[in-house]
Amino acid sequence: MATRQYDPSQVIFNVGGRDVFGFADGSFIEVDRNADAVETKVGSDGEVTRVMSANRSGNFKCVLQQSSPLNDYFSSLATQDEKTKDAIVTVFLKDGNGTTLALGAKSWIKKKAKVGFETSSANREWMFETGQLDFDIGGETEL
Numbered sequence: 083m084a085t086r087q088y089d090p091s092q093v094i095f096n097v098g099g100r101d102v103f104g105f106a107d108g109s110f111i112e113v114d115r116n117a118d119a120v121e122t123k124v125g126s127d128g129e130v131t132r133v134m135s136a137n138r139s140g141n142f143k144c145v146l147q148q149s150s151p152l153n154d155y156f157s158s159l160a161t162q163d164e165k166t167k168d169a170i171v172t173v174f175l176k177d178g179n180g181t182t183l184a185l186g187a188k189s190w191i192k193k194k195a196k197v198g199f200e201t202s203s204a205n206r207e208w209m210f211e212t213g214q215l216d217f218d219i220g221g222e223t224e225l
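With the working numbering applied, the sequence shown corresponds to residues 83 to 225, in that order.
It should be emphasised that the hints constitute simulated quantities derived from the structure, not laboratory data.
It cannot be assumed that every hint is accurate.
Said to hold, decoys possible - Lysine-lysine pairs mimicking DSS-like chemistry, simulated, CA-CA at most 27 Å apart: (1) Lys-165 <-> Lys-192; (2) Lys-143 <-> Lys-167; (3) Lys-143 <-> Lys-196; (4) Lys-176 <-> Lys-143.
Stated by the list, open to error - Beta-carbon label-pair distances, calculated as ranges: (5) Ala-187 <-> Ser-149: 24 to 32 Å; (6) Gly-125 <-> Ser-157: 20 to 28 Å; (7) Gly-104 <-> Ile-170: 37 to 45 Å; (8) Asp-127 <-> Gln-162: 28 to 36 Å; (9) Asp-218 <-> Gly-125: 32 to 40 Å; (10) Ser-126 <-> Gly-98: 44 to 52 Å; (11) Asp-89 <-> Val-197: 26 to 34 Å; (12) Ser-203 <-> Glu-224: 34 to 42 Å; (13) Val-120 <-> Pro-90: 15 to 23 Å; (14) Glu-121 <-> Lys-194: 16 to 24 Å; (15) Lys-167 <-> Ser-126: 40 to 48 Å; (16) Phe-199 <-> Gly-125: 16 to 24 Å; (17) Leu-225 <-> Asp-127: 47 to 55 Å; (18) Ala-187 <-> Asp-127: 42 to 50 Å.
All values reported here derive from a predicted model rather than from experimental measurement.
Every residue, glycine too, gets a C-beta built ideally from N, C-alpha and C.
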């Protein structure tokens with residue numbers, strides 16, 4: 083029986099050439115395509131057709147602690163894009179524990195994070211979109 087290990091500190095998330103840190107506790111990064119790869123259509127006689135989607139767009143969700151200095155960087159990217167329409171960055175994810183990789187070579191911030199203040203430290207959720215999300219979902223390497 084194989085033994086495998088996961089350490090969240092070994093997940094590398096890079097935006098525009100900067101390694102991201104200051105993640106929130108719990109779920110801190112998600113990667114997803116915007117559309118299903120295959121849609122199933124069933125005719126009135128039960129005939130099935132698989133409709134293959136060419137849509138490879140997707141998104142990266144990153145949740146930071148309120149105190150993370152990367153909030154300043156992400157906010158400046160969003161402001162730059164609003165003003166000049168040219169804040170396109172590369173977003174890259176690598177699971178240092180295993181083989182999962184994700185790349186959005188031309189990505190942008192969908193909108194600025196929602197701001198809230200609490201009696202304890204709050205989180206900031208940032209959503210990056212990309213027109214071409216390339217990713218492979220892997221497992222963890224064996225010890």
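Exercise. Are there hints from earlier that the structure breaks, and if so, what are their numbers?
Worked result: 6, 7, 8, 13, 14 and 16
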